[in-house]
Amino acid sequence: MSLLRVDRLVARHGLLQAVREVSFTVAEGEILAVVGANGAGKSTLLRTIAGAHPAAEGTITFAGADVTSVPAHRRVRDGIALVPEGRKLFAELTVEENLMVAGRRARPGDWNLESVLDAFEMLRPLRRRRAASLSGGQQQATAIARSLMTNPRLLMVDEASLGLAPVAIDAVYASLTTLTGASATLILVEQDLGRALSVAGRVLCLLEGRVALSATTAEVTREQVTSAYFGLDRGARPGAGPSLLENS
Amino acid sequence: MNWLNAVVQGIFLGGLYALFACGLSLMFGVMRIINLAHGDISVLGAFLIWTISTQAGISPFLALVPALPVMLVAGYLLQRAVLARSLRGGVVIPLLTTFGLSIVIQNALLQIYSPDVRSLGSAAGSISTGSRRLTSQLSIPYLGVLTLATAVLVLGGLQLMLQRTGFGREMRATAQDPDTAALVGIPSASVYARATAIAVATATLAGGFLAIHSTFDAASGPTQLIFAFEAVVIGGLGSLWGTLVGGVVLGIAQTAGATINPQYSILAGHLVFLIILASPRGRAILTRSAG
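Chains as they are written, first to last, in the numbering used here: chain A, 1 to 248; chain B, 1 to 291.
Everything labelled a hint here was simulated from the structure, so no lab data went into it.
Be careful, since some hints might not be right.
Said to hold, decoys possible - Per the computed footprint, the stretches of chain B lying under chain A, defined by three or more beta-carbons under 8 Å from a beta-carbon of chain A, are:
no.: 1; segment: 161 to 175
no.: 2; segment: 183 to 193
Said to hold, decoys possible - With beta-carbon atoms standing in for the labels, derived distance ranges:
no.: 3; chain 1: B; residue 1: Pro280; chain 2: A; residue 2: Glu223; range: 54 to 60 Å
no.: 4; chain 1: A; residue 1: Arg130; chain 2: B; residue 2: Val245; range: 19 to 25 Å
no.: 5; chain 1: A; residue 1: Ser23; chain 2: B; residue 2: Val245; range: 18 to 24 Å
no.: 6; chain 1: B; residue 1: Ile226; chain 2: A; residue 2: Asn38; range: 46 to 52 Å
no.: 7; chain 1: B; residue 1: Asp179; chain 2: A; residue 2: Ala65; range: 19 to 25 Å
no.: 8; chain 1: B; residue 1: Gly166; chain 2: A; residue 2: Pro125; range: 22 to 28 Å
Cβ atoms here follow ideal geometry from the backbone N, Cα and C, with glycine treated the same way.
Please take these sequences and the hints and turn them into a complete structure.
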């Protein structure tokens, strides 16, 4: 049974359709990479699943329950966690306070302050530092740790590598796949195709808000993903329209 | 001119202004709204305490005991039922909403209590008029000490709550980024409602001290709002201890002005406020409030 089911989801920014009738499922324990160029609708898709952006049409079903209209803070208690693009730490709070604030209304689970600091050892000496004073890699680690504090069943990470040095990116991805464990369900939004395909079991490629490709990483080549990423094979695929506007 | 006595009395007056200002500072710090009904809410609290005190024949300090929880609940419901909707409308709508609320409260009080001036000074007993004379030119009023001590306790308690409790961390997180706060499970509507409840309760406490300290009537609210606003700006928007400093600076300015000429009292306070506003600190405050 699917842990997450997204059915003909539409999300808009004003008149602009950022997500256009996107449908997919995510099974428990699966790692799904969502790829696409800037403006493809990846972040909007994740934010809509998390409840931070309203769904205009379609449904989102999580663990068998319709959460389409459920407020974001309640979806966290249901088990959906989003590490937002740009980390979005509470800058004036310390590292420890950022973690504790997420753990206050967390679901029961293995993650708590001590276990998270054990997992992210680099954060332990930084726990009393203001989040605004951290480096990019430290902030990303804190952001992921903060989401883990909610004991999610589904963890979504938006552009984990954005603005980070290669060494820091390696560390972040190593921690993601290790810490979430074998039974973790993960959705990763990533612009780096190679990175995304190396960790994910399935890939969903968005182009102008629509699903251009959905396949397992075993059955698809990098060239096919690249082709879908840039819309190079658009002419051969029915339904791949050029316009993002609702009425075009 | 007895400047030392003016400064001392100004410090105690500043305690009253700090009590008025802390709720205003809290609401701005958490929700980024300036509650134009804040002064009227404190006067509403004063009338509630007056009613309980005169009907039950008890001291206004005892009347605070039932009044504070009532106003705490009223503040919570005010946010949930009225202010929550206005928050979605941008910057101007909350201002208009609280302005309208101010008019409603003033006119309701006028209808219920008439324009007559009231005071709880006599009901408070000797503490409202008593003082300890240190020298021929300097005396320490008991009510002033109590007011300042209460202000320090309230501000200290709020600061402790913000820094050391889970709810306080949620308030600080929601104040910085309500969208991301929701993504970690914090219900911003509930946080705002509890912040408003605390602000209304502290306004009621301030109203009670105002009623003991001097006279009040249904139209006293806007004056208290101005003093509270000046104390907040002088001390720094969103800073609780800054609110105490701002209140004390304002109080000293007013008593110093009164020492020169009693008619200069209020003007002196306004002048200090305008000087602060025109300074680089004031410009930084204005930039922050617009951001």
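Okay, the hints, checked on the actual structure:
Given as covered by chain A, the segment 161 to 175 of chain B passes the check, having 5 residues with a CB less than 8 Å from a CB of that chain where 3 are the minimum. Counting residues of the segment 183 to 193 of chain B whose CB lies closer than 8 Å to any CB of chain A gives 6, so the stated coverage by that chain holds, three being the minimum. Taken as a hint, the range 54 to 60 Å holds for the pair Pro280 (chain B) and Glu223 (chain A), whose Cβ atoms sit roughly 59 Å apart. In this structure the supplied range 19 to 25 Å holds for Arg130 (chain A) paired with Val245 (chain B), their Cβ-Cβ distance being about 23 Å.
Range check, Ser23 (chain A) to Val245 (chain B): about 58 Å between beta-carbon atoms, so the 18 to 24 Å window is missed. The hinted range of 46 to 52 Å is satisfied by Ile226 (chain B) and Asn38 (chain A), whose Cβ atoms lie roughly 50 Å apart. Range check, Asp179 (chain B) to Ala65 (chain A): Cβ separation about 23 Å, and the 19 to 25 Å hint holds. Distance hint for Gly166 (chain B) and Pro125 (chain A): a CB-CB separation of about 24 Å, consistent with the stated range 22 to 28 Å.
The structure shown violates just one earlier hint, number 5.
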